[in-house]
Amino acid sequence: MPCTLSGLVEPAPSWGESWRTAEHIAVNYIHYRISAFGQNYHLNLTLDSGFIAPFYTVTILGVPGGDNVTDFATDGEEEEEEEDTELRHCFYKGHVNAQAEHAAVISLCAGLVSFYARAGIFSDVQSLSSSLVGDALLSSESGSAGAGPSNDSSGDSGPHRRSKRFLSYPRFVEVMLVADSKMVEHHGSNLQHYILTLMSIVSSIYKDPSIGNLINIVIVKLVIINNELEGPVISFNAQTTLKNFCIWQQSQNILDDNHHSHHDTAILITRQDICRARDKCDTLGLAELGTVCDPYRSCSISEDNGLSTAFTIAHELGHVFNMPHDDSNKCKEDGVKIQQHVMAPTLNYNTNPWMWSKCSRKYITEFLDTGYGECLLDEPVSRPYGLSQQLPGRIYNVNKQCELIFGPGTQVCPYMVSGASVLWCTSPEGAQQGCRTQHMPWADGTDCSPGKHCKHGLCIAKEQDATPVEGAWGVWSPFGTCSRTCGGGIKIAVRECNRPVPRNGGMYCVGRRMKFRSCNSEPCSKQKKDFREEQCAAFDGRHFNINGLPPNVRWVPKYSGILMKDRCKLFCRVAGSTAYYQLRDRVIDGTPCGPDTNDICVQGLCRQAGCDHVLNSKARRDKCGVCGGDNSSCKTVAGTFNIVRYGYNEVVRIPSGATNIDVRQHSYSGKPEDDNYLAISNSRGEFLLNGEFVVSMFKREIKVGNAVIEYSGSDHVIERINCTERIEEEITVQVLSVGNLYNPDVRYSFNRERSISLTVHTLLSLYQQCSSTCAGGFQRRVVVCQDENGYPANSCEDRSRPSEQRSCESGPCPQWIYGNWGECTKPCGGGIKTRLVVCQRPNGERFNDLSCEIHDKPPDREQCNTQPCPSSPQWSTDPWSSVRS
Numbered sequence: 001m002p003c004t005l006s007g008l009v010e011p012a013p014s015w016g017e018s019w020r021t022a023e024h025i026a027v028n029y030i031h032y033r034i035s036a037f038g039q040n041y042h043l044n045l046t047l048d049s050g051f052i053a054p055f056y057t058v059t060i061l062g063v064p065g066g067d068n069v070t071d072f073a074t075d076g077e078e079e080e081e082e083e084d085t086e087l088r089h090c091f092y093k094g095h096v097n098a099q100a101e102h103a104a105v106i107s108l109c110a111g112l113v114s115f116y117a118r119a120g121i122f123s124d125v126q127s128l129s130s131s132l133v134g135d136a137l138l139s140s141e142s143g144s145a146g147a148g149p150s151n152d153s154s155g156d157s158g159p160h161r162r163s164k165r166f167l168s169y170p171r172f173v174e175v176m177l178v179a180d181s182k183m184v185e186h187h188g189s190n191l192q193h194y195i196l197t198l199m200s201i202v203s204s205i206y207k208d209p210s211i212g213n214l215i216n217i218v219i220v221k222l223v224i225i226n227n228e229l230e231g232p233v234i235s236f237n238a239q240t241t242l243k244n245f246c247i248w249q250q251s252q253n254i255l256d257d258n259h260h261s262h263h264d265t266a267i268l269i270t271r272q273d274i275c276r277a278r279d280k281c282d283t284l285g286l287a288e289l290g291t292v293c294d295p296y297r298s299c300s301i302s303e304d305n306g307l308s309t310a311f312t313i314a315h316e317l318g319h320v321f322n323m324p325h326d327d328s329n330k331c332k333e334d335g336v337k338i339q340q341h342v343m344a345p346t347l348n349y350n351t352n353p354w355m356w357s358k359c360s361r362k363y364i365t366e367f368l369d370t371g372y373g374e375c376l377l378d379e380p381v382s383r384p385y386g387l388s389q390q391l392p393g394r395i396y397n398v399n400k401q402c403e404l405i406f407g408p409g410t411q412v413c414p415y416m417v418s419g420a421s422v423l424w425c426t427s428p429e430g431a432q433q434g435c436r437t438q439h440m441p442w443a444d445g446t447d448c449s450p451g452k453h454c455k456h457g458l459c460i461a462k463e464q465d466a467t468p469v470e471g472a473w474g475v476w477s478p479f480g481t482c483s484r485t486c487g488g489g490i491k492i493a494v495r496e497c498n499r500p501v502p503r504n505g506g507m508y509c510v511g512r513r514m515k516f517r518s519c520n521s522e523p524c525s526k527q528k529k530d531f532r533e534e535q536c537a538a539f540d541g542r543h544f545n546i547n548g549l550p551p552n553v554r555w556v557p558k559y560s561g562i563l564m565k566d567r568c569k570l571f572c573r574v575a576g577s578t579a580y581y582q583l584r585d586r587v588i589d590g591t592p593c594g595p596d597t598n599d600i601c602v603q604g605l606c607r608q609a610g611c612d613h614v615l616n617s618k619a620r621r622d623k624c625g626v627c628g629g630d631n632s633s634c635k636t637v638a639g640t641f642n643i644v645r646y647g648y649n650e651v652v653r654i655p656s657g658a659t660n661i662d663v664r665q666h667s668y669s670g671k672p673e674d675d676n677y678l679a680i681s682n683s684r685g686e687f688l689l690n691g692e693f694v695v696s697m698f699k700r701e702i703k704v705g706n707a708v709i710e711y712s713g714s715d716h717v718i719e720r721i722n723c724t725e726r727i728e729e730e731i732t733v734q735v736l737s738v739g740n741l742y743n744p745d746v747r748y749s750f751n752r753e754r755s756i757s758l759t760v761h762t763l764l765s766l767y768q769q770c771s772s773t774c775a776g777g778f779q780r781r782v783v784v785c786q787d788e789n790g791y792p793a794n795s796c797e798d799r800s801r802p803s804e805q806r807s808c809e810s811g812p813c814p815q816w817i818y819g820n821w822g823e824c825t826k827p828c829g830g831g832i833k834t835r836l837v838v839c840q841r842p843n844g845e846r847f848n849d850l851s852c853e854i855h856d857k858p859p860d861r862e863q864c865n866t867q868p869c870p871s872s873p874q875w876s877t878d879p880w881s882s883v884r885s
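Just so you know, we're using UniProt numbering here: the sequence shown kicks off at 1 and counts up by one.
What the hints contain is simulated information worked out from the structure, not anything from laboratory work. Errors might be hidden in some of the hints.
Claimed, not checked - Calculated lysine-lysine pairs in the DSS-like style (CA-CA distance at most 30 Å, straight line):
no., residue 1, residue 2
1, Lys528, Lys362
2, Lys526, Lys362
3, Lys358, Lys515
4, Lys528, Lys569
5, Lys515, Lys452
6, Lys243, Lys565
7, Lys491, Lys452
Put together the whole structure using the sequences plus the hints.
In structure tokens form, the structure reads like this:
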């Protein structure tokens, strides 16, 4: 539906002028007046193209339309052109004179055309012939046990990175876009502008506050493949194409993250009909889960099918950010209807692909908070351009939208032009041959009836752009319940970006969104199970349909062989077997990161903690196992054993209470096979390791009470048994000699308690916060009686007990102070007078009203001069006075 230009408020080019001149590139503010549908619209526009990087370039591979590239780029070189900088200045944003609610974004390179967007839900969209995206087939989305982590993105960006954990921090996703030869053939000279239009939509989707993070999409490079031999091998097979593209894109990247041409992720846009299988070609895209900072696997493919390709690109990039489908088991909540948004597997009546579900927000936030997005922290060099939310419905009218999907000559179906929910198009031969659809809505901003345009699948009235509202943090929530009842738990407080929620393109909040506090730090009783053991035992009897597992399977913790970055995931081993599986993405907060450290897991990350079970504490155990001790309560025992006799030979008995056990058997020949093997038995003579002449070649963990003894396996030149923890049961180390009976070479050491047992009062916590914010109050700390090994005792002297409480000086409480009443606003008929009322201390220090008793606040205004005013003025007379002569 046409619009006509009827006048200009400020200088701007006419329709016949070219926008590709240096004079107009410098124009930052433009005004238009448009006459359409019998109404006048005033457009106030600002230059806006921040999704294009300052050093954005276009690389062309192969001769356009040619069969031979040697005349164009020889010796393996490729022709690289600098981006047409004038195209950067196509994109403007602004508002229209009407009701303020919707943003307007304009492209001026193909005539004055615009598009409008923001919140809303479209309806009557049904995807029968095409799936929005394919599954992230290369990693598991199952909620059941798996043989390893659900993703393997290292997220390691080097030691120069600062930690940005649990912060909302600006992220910059530097993108390389690749368009194949089929895209060149279909779009011709409009290809670059079309792709940037798609990415402006993607950029706006990632700016929606429902994502819960500040994500900036930045295009650093566009690669146009004229000759398919110059690019990756692209076929109907989606998985093979993704694999080929991921390998190929590595050759186009510069690994230095600070280089202006480095990309964090690569996106292939193709006109090839990609398929999951030969007879299942409903797939529009494919990506691998959680790979955004992995230079070898951070890539995705999307099939072009018109402007709705932007939804596919946003969806696939969501997989790269570790987001599952909205209908996956990971997103299910009891009693909560599944939200279908950007990560919906298909478009249907209930899908809103412009916003993100709570599940998507949860997974991208956890992904970034646990350190997998560190490569996104570098801001592109010099960003002189603002952010863009280009909207395509005015860039491409409804007939052009049909051509983008079905080819030249197609137009909007004349029989189905009402509404905006589903775009129906004719065939190139005309409407008499019938109409067809891909079940996609009209693009946002498309004129749909006089005075109305499409927005999110609905035909609504055009309204004025509202001023952007920057997001601001709300108040911190109270700290929640403690994650543990003993042994050092964690309380969490959070805040939301909701005072206000960002709107109309305003920035999402930046800063800390979560804070932590230690709680219940007193030691657990010796009878209580290890905390990680409890979490594994909760899955006893659940076999997750894994072949070979009995219905009464028992799960125990798996420690050895787990990557450092995965220590806060719950890996459990099948009891009596070496098979292990990841049963949860993260352990409960407060779980020790491992048996050899005091550090604890918090929200899936290993955080520093002391032996006092307090977060960020530097308290450490001495060699005797005493928290904060001075190494005086134990002595080191060391020795060797090299006597050979066939069978089991006792090397040393290690008593209960021993710590830092280290036993090593050195091979006489320098090879693992020396016919001597370490073994362990308990005080009852039962073998815990390598008994009954059966030897384990591989790593094992042996539980002795709550301590874990690690065994290297026999397939080592130096066979080793070690344990840093205190054991609560006597064990016997033996050596099994068989075969040629070569002399063993066993060397051992451990620390044992001295004969005199000491008990002391121990401070388990520092003084807590004052109980009152003013007028005194007190502080508390935890004091317990412990022996020299850090375990509870009851023989401490009361006179030596440190104080548990002290008073704190918090200053006098603020009070309400008020001034004199001001003048009344009216002389009669009921006016108002006011006075200043503030909450402050006697020294004049002011506080907010909540610091004083709000119910006792004196009034700061009251009525005055309430007498009625006379209805109308009139003369009055006094009695005549007497005449005086």
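**Prompt:** Which of the stated hints cannot be reconciled with the structure, identified by number in ascending sequence?
**Reply:** 1, 2, 5, 7
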